[in-house]
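Line by line, the protein sequences are chains A and B. One point on numbering: in numbering that gives the first Met the number 0, the residue at position 159 of the first sequence is 158, and numbering is uninterrupted. One point on numbering: in numbering that gives the first Met the number 0, the residue at position 186 of the second sequence is 185, and numbering is uninterrupted.
Since the hints were made in silico from the structure, they are not lab data. Hints may contain errors.
Since the list gives no way to pick out one identical chain from another, each pair is judged satisfied if it fits inside one copy or across any two copies.
[To be verified] Below, in silico cross-link-like pairs of lysine-lysine (DSS-like), each with a Cα-Cα straight-line distance of 27 Å or less: (1) 334 x 1; (2) 30 x 126; (3) 334 x 294; (4) 386 x 371; (5) 334 x 2; (6) 386 x 275; (7) 30 x 294; (8) 281 x 179; (9) 294 x 2; (10) 29 x 44; (11) 294 x 29; (12) 386 x 274; (13) 126 x 29; (14) 263 x 30; (15) 327 x 179.
Remember, predicted model here, so these are calculated numbers, not experimental data.
Protein chains: 2
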Amino acid sequence: MKKTVIGFLGGGNIGGGVWRLLSEMREEIKKRDGVDLEVRKVLVKDIAEALEINAAKGIDIPVGCLTQDYTDVTRDDEIQIVCEFMGGEQPAASYMEDALNHGKSVITANKVALALNWAQLQAAAEKSGAGLWYEASVGGVIPVIRVLLQNLESDSVDRVMGIINGTTNYILTRMTNEGKDYDEVLRDAQRLGLAEPNPAADVEGMDSAYKLSILASLAFHGRVTYGRVHREGITNITATDIACGADMGYVLKLLAIAKKDGNKVEVRVHPTFVKKDHPLAKVDGSLNAIFIHGKYCNDITLQGRGAGDLPTASAICGDIVDAALCVKPRYPSFKNTVEDEASFAFSDNWNTRAFIRLSAVDRPGVLASIAKTMMEEEVSIATMLQKDVQPDGRVQLIFITHPAPEQSLRRALSRLDASICSLEQMIRVED
Amino acid sequence: MKKTVIGFLGGGNIGGGVWRLLSEMREEIKKRDGVDLEVRKVLVKDIAEALEINAAKGIDIPVGCLTQDYTDVTRDDEIQIVCEFMGGEQPAASYMEDALNHGKSVITANKVALALNWAQLQAAAEKSGAGLWYEASVGGVIPVIRVLLQNLESDSVDRVMGIINGTTNYILTRMTNEGKDYDEVLRDAQRLGLAEPNPAADVEGMDSAYKLSILASLAFHGRVTYGRVHREGITNITATDIACGADMGYVLKLLAIAKKDGNKVEVRVHPTFVKKDHPLAKVDGSLNAIFIHGKYCNDITLQGRGAGDLPTASAICGDIVDAALCVKPRYPSFKNTVEDEASFAFSDNWNTRAFIRLSAVDRPGVLASIAKTMMEEEVSIATMLQKDVQPDGRVQLIFITHPAPEQSLRRALSRLDASICSLEQMIRVED
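Isolated chain A, as found in the complex (with noise of 0.2 Å):
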């Protein structure tokens, strides 16, 4: 039975869930696919508090598995793969470098280091002839990669559009339903370990634009850098926003949206209003969904668990079995650069459909100065609701507007008489 050496590059969450699961399937893999799977050295940056930790965890790294020095892992003459969990970029990617430059498969579940430094590792895994996979870096266990590479790769792909980042997913899902604000749902996501200490990452909606940036390279043939993704997070959303988005049929999500017209490409990460019938509307807590368009396959929704150590682990084992059979990666088919394609025309003009939220003073004329200003830019206005009047003696007025050019809308928002109304909230409308 051949025998198959395999390092891993951090120990935490991820990493243990991978270990469980070659512990547990360890003879069912060798009857499957006639290979055997063994680990056999684990870099930690803290030995005495990995066994720690893993013990609390359940989780039997053997102490002899456990080093402090990556190249014992990177260089070690009998391992073949190597997988990546630390996170963040560095020194992660030059890690995974160093692995492939020794001729080792690398398998990342590492959205940032990959984005970043994508062009660098795949080139170094071709130099090498060693296999670079990254299932797991998008979507967690849904099988988004292999998709974009294999199924649809005749494909002419023209829309990506997703939930992929569950911790958003999971405070908007509250706030929704528990009429919550933003700051209490997420002290509370933090102190139940779904939220990062430091949440920017998630809340301010980078980690969307990493795996965004993936996704668009690879639906279009063509690299999307992470520089190009137009960015908003959800910090700035309140319960009133998503209440009276509720009140017009409307759920918010926090999407990532790639779009491609000819050779115009836009990519956006920021909250979004989708119908409640949507298929997206119902893709709650820290469930993540991907919807792909293309011109000959239509439309196709591909939904899992988006993190977590056991399906994380999943997809990350789908590609150790690959790489131990010596199954070539599909490389993106792209020229994986490190700037964006030259033959795409970036936009950040899109068409969407918006939702105004304005405070305004309560007298006759009001509406119709706001109309006059919105129609001189050429936006118009599909449904408004009025609503009762406040405390302060203004009221409510929620706009959704049909679809008008993002610059348009800017302009018309920007020149509303501040003398009459300002403006509480916009938030883009997709179909």
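Based on the hints, put chain B in the right spot on chain A.
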């Protein structure tokens, strides 16, 4: 540039779709993958008829490509990839075997030929070193084959549940939305070309059962043959059943269900009520969806077009690019024989809840008598609904049971006192 020559067995609807995709995307695929895909021979039943049909559809396959001799496709020295779109078991299976024996890679969308001849076809592929791909054989563009073969290879899948026949889903969706009876909707579907003149393969569940035998084999890593699948169609479903289910919060679907618990395996296709907020309840019309549960991956839902020339072509062309790039196909890791997996204990005594509709005489004691019979067979009633007295003076009684063994349920139903009630319908309920 590497040229890859392709032959088609069958030039109908799907063949036309693949021809169109490859024509429109040929230059793009050259750029993406460095392969020039050229279709050189297309086997048709009758050249004159094929020319006429293609002309009507705008499919420009030149007359010189058409042949009525299958060996022009399966034995042509220049053809490397043979795509089979004939449908039906024979002669499709023997033509595919002939192509594999002549060293061609074979790609098929034909679940019948595959389900019934999988072992022989795989053996022929492995012997000659050619490849065998069949992503489009189940669920059209839904990437379920690759997900089971690769992404979930190291997981322990215990449940697959899906809507994998578009025709029956279309019929049931219209019966549900319009309150019409089966015969009327079937006739309309036939008129629209959405059901075959002889609809048996779809409406009696054979199509779903072939597909389920493929999915269950892959999911459980052992051979589950077509003959093992318990199969009930939708031909005796009435508008009344659907309406009564709706009254109790359920939606009717033809589900294909495979479950594994230890070595106990159950595979069944039958009309099934699911709660109206169940993810599969909203999969309407010709959409397909497949739900997978595993020990590590948790829940994955895949949704997309299960049929149609272009979505199916998208899936097939993904396989074609793999074959053209000489990517080694992943074969199932179980021993693919013509027999069922010996280690599986196939069970037909599954536990399900059931929807039972009775017509009963309207007098005291009837309900008590029915409840007593049920209780004696250990079938416990969860909810009950009595509908108004009918013109014949009888009442409709509808029960939803708690989960009970199938055989207990059948015994209970067979023991009901015919002088007081008659069984109108029994439909299983899945959570």
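Quick rundown of the hints versus the structure:
1. 334 x 1: The answer is between: 19 Å across copies meets 27 Å, while 35 Å in one copy does not.
2. 30 x 126: For residue 30 and residue 126, only the inter-copy Cα distance (21 Å) is at most 27 Å; the intra-copy one is 33 Å.
3. 334 x 294: For residue 334 and residue 294, the Cα distance is within 27 Å only inside one copy (22 Å; across copies 38 Å).
4. 386 x 371: Cα proximity of residue 386 and residue 371: one copy only (20 Å, versus 57 Å across).
5. 334 x 2: between (35 Å within a copy, 21 Å between copies)
6. 386 x 275: within (21 Å within a copy, 33 Å between copies)
7. 30 x 294: between (41 Å within a copy, 18 Å between copies)
8. 281 x 179: For residue 281 and residue 179, the Cα distance is within 27 Å only inside one copy (19 Å; across copies 29 Å).
9. 294 x 2: between (44 Å within a copy, 25 Å between copies)
10. 29 x 44: neither (31 Å within a copy, 47 Å between copies)
11. 294 x 29: between (41 Å within a copy, 18 Å between copies)
12. 386 x 274: Answer is within: at 20 Å inside a copy they meet the 27 Å cutoff, but 36 Å across does not.
13. 126 x 29: Between copies only: 23 Å across chains, 30 Å inside a chain, cut-off 27 Å.
14. 263 x 30: between (49 Å within a copy, 19 Å between copies)
15. 327 x 179: For residue 327 and residue 179, the Cα distance exceeds 27 Å both inside one copy (49 Å) and across copies (53 Å).
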